[in-house]
Amino acid sequence: MKENLIYEKFSNGRVSNRDMVSLFDAFNKLYVTEKAIMMKRLSNTLNDLSTKYKIPAKETGELLRECKQSIESEHNAKIDSYKKRHDSFVSSSNAKASSFMGFYKKYVVTLHNALKRSEKKWYKIFAERANRYGAAAPKQ
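Numbering-wise, UniProt numbering puts 40 at position 40 of the sequence shown, and it's gapless, one number per residue.
Note that these hints are calculated values from the structure, not bench results.
Below, in silico cross-link-like pairs of lysine to aspartate or glutamate (EDC-like), each with a Cα-Cα straight-line distance of 20 Å or less:
hint	residue 1	residue 2
1	K106	D87
2	K96	D19
3	K121	E62
4	K35	D80
5	K120	E34
6	K58	E128
7	K124	D48
Let the sequences and hints guide you as you build the complete structure.
Structure (structure tokens):
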């Protein structure tokens, strides 16, 4: 129902502030959820590798903390790079639909790809660290 209302407003050429805020809020909630799921997968992978290759608990904890800090800083940098334009859309009473949708699509795709890249990067780092303690770590 809400999507139909937003589509009708987009087809009229303008997007209201309320609709822009709703879309950003909905995506940000989804993004936080997806990031938490990704962190859980990374944590589980690290725990599995630490059990399999007998990685010391201290190093496992440090590696997980390093992973979380790195992902947070990378993703905060991505979000900050869009902050000025994001704020200009949210603070305006309405915007051209084509302009807003172009920005929104780029925002969503960039953050989604950043999550995928971070997860892949940290799987590789975990495997490399596990190699220090065993033969060949499984590839993800």
